[in-house]
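Novice: Remember, our numbering sits 28 above the position in the sequence shown when you count from 1.
It is worth saying that the hints were derived from the structure and are not from the lab. Keep in mind the model is a prediction, meaning the values are calculated, not measured. Treat the hints loosely; a few may be bogus.
The calculated label-pair distances, taken between Cβ atoms and stated as ranges, are [to be verified]:
#1 A99 to R45: 17 to 25 Å
#2 V86 to F59: 19 to 27 Å
#3 T69 to R108: 27 to 35 Å
In silico EDC-like links for lysine to aspartate or glutamate, alpha-carbon gap of 20 Å or less [said to hold, decoys possible]:
#4 K36 to E102
#5 K36 to E56
#6 K43 to E56
#7 K43 to E102
Ideal Cβ positions, reconstructed from N, Cα and C, are used throughout, including at glycine.
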Amino acid sequence: MMHLFMRKGPWFRAKRRGYGTGLPMVWEGWFFLALHIAMITGLAVVLQGRPVLMTIAVLLAGIAPMPIYRAKTEGGWRWR
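All chains should be modelled from the sequences, with the hints used to inform the complete structure.
Specialist: What follows is the structure in structure tokens.
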């Protein structure tokens, strides 16, 4: 059902300089970015008493959605 609301085109602009994803350009991109930030923040809060586990979890949560960012960036990722 959720796929009916998701746009098939790009969600993020390409960076003007450098490599990677720029700012979102549609609501799906903003929602995904907010969800990503909330996930990292939630993990940090829940695991604040366990610093090693928190560090590992936050790093993995930061890296995990990168394929989606890459796939949904206008023009893909390349050096600019």
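Novice: Take the hints in turn and mark each one as holding or not.
Specialist: To see whether the hints hold, each was checked on the structure:
no.: 1; hint: A99 to R45: 17 to 25 Å; result: holds, 21 Å
no.: 2; hint: V86 to F59: 19 to 27 Å; result: holds, 21 Å
no.: 3; hint: T69 to R108: 27 to 35 Å; result: holds, 30 Å
no.: 4; hint: K36 to E102; result: holds, 12 Å
no.: 5; hint: K36 to E56; result: holds, 10 Å
no.: 6; hint: K43 to E56; result: holds, 18 Å
no.: 7; hint: K43 to E102; result: holds, 9 Å
Going through the hint list in order, the structure satisfies each hint without exception.
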